[in-house]
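Colleague: For reference, the chains in residue letters:
Protein chains: 4
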Amino acid sequence: MPPPLSLSLPSPPPPLQPLSLLPHHAKAPSHSLALSSRPPPSSVCSVVPARHSDYFDPRAPPPPPQRDVYGQPPPTPAQGTPGARVFASYSIYKGKAALAFDPRPPQFVPLESGALKVVKEGFVLLQFAPAVAARQYDWSRKQVFSLSVWEMGTLLSLGPTDSCEFFHDPFKGRSDEGKVRKVLKVEPTPDGNGRFFNLSVQNRLLNVDESIYIPITKGEYAVIVSTFNYIIPHIMGWSTFTNSIKPEDSQPYSRPQSSPELEWRR
Amino acid sequence: MPPPLSLSLPSPPPPLQPLSLLPHHAKAPSHSLALSSRPPPSSVCSVVPARHSDYFDPRAPPPPPQRDVYGQPPPTPAQGTPGARVFASYSIYKGKAALAFDPRPPQFVPLESGALKVVKEGFVLLQFAPAVAARQYDWSRKQVFSLSVWEMGTLLSLGPTDSCEFFHDPFKGRSDEGKVRKVLKVEPTPDGNGRFFNLSVQNRLLNVDESIYIPITKGEYAVIVSTFNYIIPHIMGWSTFTNSIKPEDSQPYSRPQSSPELEWRR
Amino acid sequence: MPPPLSLSLPSPPPPLQPLSLLPHHAKAPSHSLALSSRPPPSSVCSVVPARHSDYFDPRAPPPPPQRDVYGQPPPTPAQGTPGARVFASYSIYKGKAALAFDPRPPQFVPLESGALKVVKEGFVLLQFAPAVAARQYDWSRKQVFSLSVWEMGTLLSLGPTDSCEFFHDPFKGRSDEGKVRKVLKVEPTPDGNGRFFNLSVQNRLLNVDESIYIPITKGEYAVIVSTFNYIIPHIMGWSTFTNSIKPEDSQPYSRPQSSPELEWRR
Amino acid sequence: MPPPLSLSLPSPPPPLQPLSLLPHHAKAPSHSLALSSRPPPSSVCSVVPARHSDYFDPRAPPPPPQRDVYGQPPPTPAQGTPGARVFASYSIYKGKAALAFDPRPPQFVPLESGALKVVKEGFVLLQFAPAVAARQYDWSRKQVFSLSVWEMGTLLSLGPTDSCEFFHDPFKGRSDEGKVRKVLKVEPTPDGNGRFFNLSVQNRLLNVDESIYIPITKGEYAVIVSTFNYIIPHIMGWSTFTNSIKPEDSQPYSRPQSSPELEWRR
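Protein chains in written order, with the working numbering: chain A, 46 to 311; chain B, 46 to 311; chain C, 46 to 311; chain D, 46 to 311.
None of these hints come from the bench; they were simulated from the model.
Among the hints, erroneous ones may be present.
A pair holds if it fits inside one copy or across any two, identical chains being indistinguishable in the list.
Straight-line C-alpha distance at most 25 Å; calculated SDA-like pairs for lysine to any residue [to be verified]:
| id | residue 1 | residue 2 |
| --- | --- | --- |
| 1 | 141 | 178 |
| 2 | 230 | 164 |
| 3 | 291 | 210 |
| 4 | 230 | 156 |
| 5 | 141 | 218 |
| 6 | 291 | 147 |
For clarity, every value in this text was computed on a predicted model and none was experimentally measured.
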């Protein structure tokens with residue numbers, strides 16, 4: 046039932062990108078060598094994990110682009126000041142591929158009253174990168190899939206033997222609609238102890254037809270569940286609502302008027 | 046067993062409201078057209094979802110009224126300042142209706158000691174709107190139901206085949222008691238993969254007798270569970286209690302006195 | 046199997062306390078009357094609930110004492126200032142008794158390094174009050190039980206048919222040890238849809254032998270579970286740890302030294 | 046099946062450390078005596094717990110070292126100021142051993158854009174200490190195990206009858222690789238009501254071969270689950286990401302460009 050571990054790359058693989066993340070990392074190739082000499086920790090609980098993380102991990106995805114997904118440069122506070130943007134992801138490294146989960150914030154607009162309103166939910170960007178050598182992943186060839194809140198809920202509710210498929214067309218409603226087709230499949234591993242995440246991308250614009258598999262252990266899936274439960278209320282903006290609750294500004298109570306808006310049970 | 050998807054509107058439908066949310070949205074009708082030409086994403090996991098959200102989503106409920114449920118205008122900070130009120134909801138759009146979940150904060154009163162006390166739990170306002178065209182919902186005809194913490198707990202504990210009914214009379218204890226009767230039913234879909242949310246409102250004051258159904262997929266229900274687990278401690282005011290914990294103000298310890306108030310296990 | 050709903054009060058009941066919480070509440074007796082004329086909302090899901098909450102709820106427990114459990118007056122900020130103490134509880138009102146859950150913060154001490162350390166976990170104070178009339182509870186006769194983190198965990202892990210008992214002696218280790226014995230029992234209701242919370246107190250110092258039962262619906266128990274999961278990390282002080290994480294103060298990395306303290310997996 | 050409760054200490058036990066945590070604690074030996082005269086609370090729910098916590102608990106692990114795991118002295122704010130570091134742990138005390146869970150923060154680096162990026166996930170340090178007398182534990186002989194996020198997820202997903210083993214080599218990839226071997230085993234107790242945590246350490250550098258067992262009740266495990274679910278998003282840095290969401294700084298929206306980075310479902 047579960048698909049074989051294969052990596053189809055019909056288009057010739059692009060030249061391997063230098064994996065340096067920050068300037069001084071490039072100066073420490075021996076660090077990278079030291080890393081690749083470490084065997085993975087093992088566990089009898091589940092699929093043998095091959096992941097670990099280290100400082101300036103050469104396997105990690107590069108930092109996000111200076112221009113964000115909304116086509117705007119982000120505000121640039123002084124380096125490392127309180128309130129600066131923080132990027133965090135959850136990365137899983139396996140033999141044939143790596144998968145990183147990156148949460149992205151919701152969008153707000155100001156209302157005339159001075160209040161703010163969520164107009165667009167955030168999401169979690171899944172980034173799949175193929176392995177090109179032992180513990181090396183080519184993030185320049187990554188394929189991405191932005192998981193909506195509803196899709197995250199679907200993964201949360203997935204029983205251990207359930208499967209799931211999501212279809213995305215990044216150009217839906219635009220002139221290139223139908224030219225890129227992405228399918229994310231999540232299905233149980235044969236031993237029932239984990240899951241495969243499989244992203245297939247057919248891109249007729251770039252003549253690309255790729256499929257990347259990565260096995261996820263039960264423990265890693267539990268981390269996904271824990272982080273999704275945490276992040277959902279945040280990328281829906283509910284946490285900014287709760288942050289705006291000011292007990293000391295609570296209004297004096299007056300009897301609610303009768304109106305459909307003011308339904309009261311009690 | 047599950048009720049048929051019907052929309053009873055004995056009273057003549059009111060004229061369709063213009064769906065503009067903000068002034069400059071009304072200037073972009075072509076954006077709305079672009080939207081309605083997009084087919085919904087699909088999934089093999091559950092009931093086919095027909096929801097998506099976009100900037101200034103023409104399907105979304107209008108912003109909350111300037112006067113809040115307590116009959117008071119909210120404090121009006123300068124536009125977009127830190128600490129401004131934030132409105133967030135979770136909206137689900139389907140073929141015949143839309144359903145929005147809006148959290149509302151608890152109420153506090155100051156005590157003589159200078160501390161604050163929660164005097165009224167918050168709630169989650171459910172807003173049901175009927176569809177009037179493809180991807181268009183008439184929020185002027187919405188019906189609302191304010192879900193208490195206890196009712197949210199009941200939905201959290203609902204097994205996949207359980208059903209649930211809540212009865213509200215917004216005028217309970219007042220002169221118009223009994224003239225408006227609301228029933229919220231939550232029951233499993235025939236395939237067991239989702240749930241129907243059904244709000245019936247009998248309003249003898251307005252001569253209205255409506256019933257709105259909306260199917261909720263398993264993934265959407267998982268989002269509801271995740272957001273309810275998040276929001277319950279906040280609308281009960283427990284988060285304002287925890288925010289008031291100041292480690293640096295922790296009192297020097299002295300042996301507790303013996304009194305019923307000071308029960309200690311150890 | 047489940048115990049009968051009985052209320053044993055061998056000592057003569059004390060005179061009923063006036064239920065006013067704040068001065069101006071005493072001026073509104075008609076409000077109280079209006080309240081007691083409201084029938085409870087009903088639900089087909091579970092034990093019929095008889096709870097609701099209102100502004101200055103005459104049924105609610107009085108505000109906490111000016112002197113806290115550590116025998117110290119709390120710091121008194123100006124009324125309603127940001128950062129003021131906030132009291133929040135979760136109260137369940139039934140025909141024969143009411144039960145309020147009040148979270149209490151952990152205690153901290155400063156270390157020589159300037160950091161702070163949790164020295165005592167917080168707890169949740171359970172307050173049981175007998176009903177003395179329809180929708181009136183005598184909080185002056187309340188019996189309390191302080192639920193530790195470990196006991197909260199036990200309630201979280203309780204299966205639907207499991208029972209549980211906790212024994213407390215508030216004077217354990219002191220001269221009056223053994224003179225007061227408290228037993229909290231949690232057991233399933235006969236229909237399996239809820240739970241009984243039963244607090245028995247034998248106090249030989251005051252010649253009191255009381256037992257208070259209150260039925261808790263499945264939905265109310267789900268609220269307890271949700272609030273316990275929320276509050277446990279806070280009353281253990283883990284949230285003050287996480288609040289003290291300052292990304293901008295993150296130290297430059299240096300290779301950890303080898304020592305038992307510095308165990309590293311990778 | 047479950048291993049016998051044994052404590053193997055082939056190397057001669059080091060001299061017992063004075064258990065004073067803070068200067069004035071050493072002056073109160075009678076307090077310690079008072080403590081050890083208290084019988085443990087009991088419960089019919091599970092393995093009889095022998096844990097309790099008290100102010101300046103003589104059983105508790107000592108405060109963390111002035112130099113942290115990264116070999117750097119932590120920043121030292123004035124004593125007890127807001128924003129000071131806070132140390133919190135979850136400690137379980139049993140007849141033969143104590144086990145403390147200490148969360149440790151992630152590491153961040155500034156990016157050129159001024160933003161910050163998580164470069165190393167935090168972890169939870171497990172500290173096992175053998176009992177040396179009634180309610181006395183020798184933390185100078187503690188053995189530690191740093192539990193990664195992935196391992197925490199594995200414990201979260203452990204069914205009631207599942208077992209689990211993790212292997213760590215603190216010197217993996219360094220010259221002393223293979224000289225220290227740690228194995229953490231988690232397995233069900235014979236009655237199925239709890240779990241054994243067992244840490245075995247073979248340290249050929251110090252000629253140590255130790256194994257420490259501690260039984261964990263179902264309620265204590267539920268606290269572990271609750272705190273792990275809470276702490277995972279924090280030690281992954283996701284909470285610093287969400288804290289950096291500023292609704293008032295939300296960017297004006299512009300149509301996303303088409304690029305692999307900008308995948309959109311809708």
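Colleague: For each hint, tell me whether it holds in the structure or not.
Modeller: Do the hints match the structure? See the list:
no.	hint	result
1	141 x 178	within (9 Å within a copy, 48 Å between copies)
2	230 x 164	neither (28 Å within a copy, 29 Å between copies)
3	291 x 210	neither (42 Å within a copy, 33 Å between copies)
4	230 x 156	neither (39 Å within a copy, 34 Å between copies)
5	141 x 218	between (34 Å within a copy, 22 Å between copies)
6	291 x 147	between (30 Å within a copy, 18 Å between copies)
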